[in-house]
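Asks: So the sequences go chain by chain: A and B. Throughout the first sequence, residue numbering follows our numbering, covering 1 to 323 in sequence. Throughout the second sequence, residue numbering follows our numbering, covering 1 to 323 in sequence.
It should be emphasised that the hints constitute simulated quantities derived from the structure, not laboratory data. Small disclaimer: the values here were computed from a predicted structure and weren't measured. Be aware that one or more of the hints could be misleading.
The list treats identical chains as one, so a pair stands whether inside a single copy or across any two.
[Unchecked claim] Keeping only pairs whose Cα atoms sit at most 25 Å apart, straight-line, the calculated PhoX-like set for lysine-lysine is:
{"#": "1", "residue 1": "K41", "residue 2": "K221"}
{"#": "2", "residue 1": "K234", "residue 2": "K24"}
{"#": "3", "residue 1": "K189", "residue 2": "K128"}
{"#": "4", "residue 1": "K128", "residue 2": "K61"}
{"#": "5", "residue 1": "K225", "residue 2": "K266"}
{"#": "6", "residue 1": "K261", "residue 2": "K234"}
{"#": "7", "residue 1": "K26", "residue 2": "K234"}
{"#": "8", "residue 1": "K64", "residue 2": "K128"}
{"#": "9", "residue 1": "K56", "residue 2": "K312"}
{"#": "10", "residue 1": "K234", "residue 2": "K256"}
{"#": "11", "residue 1": "K10", "residue 2": "K221"}
{"#": "12", "residue 1": "K64", "residue 2": "K26"}
{"#": "13", "residue 1": "K18", "residue 2": "K41"}
{"#": "14", "residue 1": "K64", "residue 2": "K312"}
{"#": "15", "residue 1": "K224", "residue 2": "K265"}
{"#": "16", "residue 1": "K56", "residue 2": "K10"}
Listed below are the residues making up each chain.
There are 2 protein chains.
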Amino acid sequence: MLANTENIVKKINQTLSKTSFGNKPKELYEPIDYMLALGGKRMRPLVSVLSYLIFKEDYEKAIKPSLSLEVFHNFTLMHDDIMDQAPLRRGQATVHEKWNPNTAILSGDVMLVKAYDLLLELEPEVLKEVITLFNQCATQVCEGQQLDMIFENRNDVTVDEYIEMIRLKTAVLLGFSMQLGGILGGAGKKDAANLYQAGVDIGLGFQLKDDLLDTFGDPAKFGKKVGGDIHSNKKTFLLIRAIELAKDKEGQELNKLLNEKDATKKISGITNLYTKLGVADEANERIQHYFNSGLESLSKVKGSIFRRGQLKQFITQLIERES
Amino acid sequence: MLANTENIVKKINQTLSKTSFGNKPKELYEPIDYMLALGGKRMRPLVSVLSYLIFKEDYEKAIKPSLSLEVFHNFTLMHDDIMDQAPLRRGQATVHEKWNPNTAILSGDVMLVKAYDLLLELEPEVLKEVITLFNQCATQVCEGQQLDMIFENRNDVTVDEYIEMIRLKTAVLLGFSMQLGGILGGAGKKDAANLYQAGVDIGLGFQLKDDLLDTFGDPAKFGKKVGGDIHSNKKTFLLIRAIELAKDKEGQELNKLLNEKDATKKISGITNLYTKLGVADEANERIQHYFNSGLESLSKVKGSIFRRGQLKQFITQLIERES
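Work out the full structure: start from the sequences and follow the hints.
Replies: Structural data, given as structure tokens:
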């Protein structure tokens, strides 16, 4: 198959649906299959494979170990959904809703083990390095989730703290994904480090774009309901900056709106305030900054210029996405 | 330090208390330190080190990787306690009680990652084999916990099903512990397999002994309250066999007692019935059978006869323990 983005995602999905994680007891394994079948962009294995292609063309070899990224990511979603008491994931019932929290805890646990399993195909010399990096990344993702929960109960979160939280919770996994692909492809230390840095910066931009779309997305194109973050007082970049910037009358207005019971009034009121305070523009500037910085790190990576361009193109789609 | 059981446990505890799993955010790491400081026999790292000693004398080298067994075991306890809604662990508040369930989920997750971390000191060639076996074991432990939860809602669990459940939930980890020590010490395939088999059988005997002590233990020596399993209608070997054996009048009596609200009446009534039906004797015979079978597998292991005797002595203590 031609190694373009579309075909790679197809191959990732094919391999994923052919991978058996286990059968018995079905109460343990059905939630895993359910979760992985909910879909998604498969962004993490995809950027891993695209990074692999910069160094080697036989990308089929990179698919299975790259699936560990998807399985790990879905493990974190399964457990995060319990912690956030989220009823829906990609428009479908979450595992703890469809089954129960105990099932979601235990199936999640086994998914984490299966993520390690998928790495076991690697050559022994690479395996140690990869698991070391995987562990570091996995630890940071947990730290990020813990910070996210702590921030829910704090009203004085700074922008720097927020950026550090999303770096841990979201960005380092994208960094590790690109680095993993590079290592599998035989990248040297410097190239692998640049891929990691590129992934982290792109991850930061990606998460800020998420925040922005949740408020300013086109309802016709955005998958979820626009304004969800505002409705739940979620501490996004936009809200944190608005709290910092809103003084006097605007400060009072923001406070009033945060306690407003009427959802429509609240969402439109805070959205207007964001625009007035310029925090949407600020977010856009930051997104651009992180993506540029990511692309700069990527440009330093040696290897196939064509394949690097392919990865750059995919990243550009992430910047410009509307959903 | 002289490599006797007492000193090895001391060394295990020293190394454990010197190991830092992380600091920030403290909400994530304090529960891990708390859980590991609750104590316990450190049975899993201990049998790993004792197995190592059969092949090599420099047992200090085996301590750190063997700690991964203790960290993994405590990860499963932290998550199991949430699922079982257990208020106490070793007489102290469980993590989800002292903090909250979300904290117990997330700190548990990071503990699983840290268990893998502790294996990373191994030589690359061994690492792959060990992680493969670790994953297999970890998966089975999750399967066992799932079966345990399923059995709570079933009244027709057979003895064979119960044995399979405790094999997965408890015994395979003891098997892997002994096997790990062997592999670290350079044991050949056959010796490692015999150590595994010995550990699994001893684990089965150990769990059945647990069931027995919970009902027939000496209240002055047993750590927990005697009769707890009966009080909560826990499907132990004793109850499963009693349900199978109690016919007619005894069957009616058992049914009545299972629904008895008065705890003292219930516990003494069912305990008497167990004795009358001979299920305590049956349990004792089975325990003896599994321990004998385990010791037979152990006797096939080549290496230091003295060190094998030391491991055998520890196992004998497990058979004869009263708490």
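Asks: Tell me the hint numbers this structure goes against, listed in increasing order.
Replies: Hint check: nothing fails, all pass.
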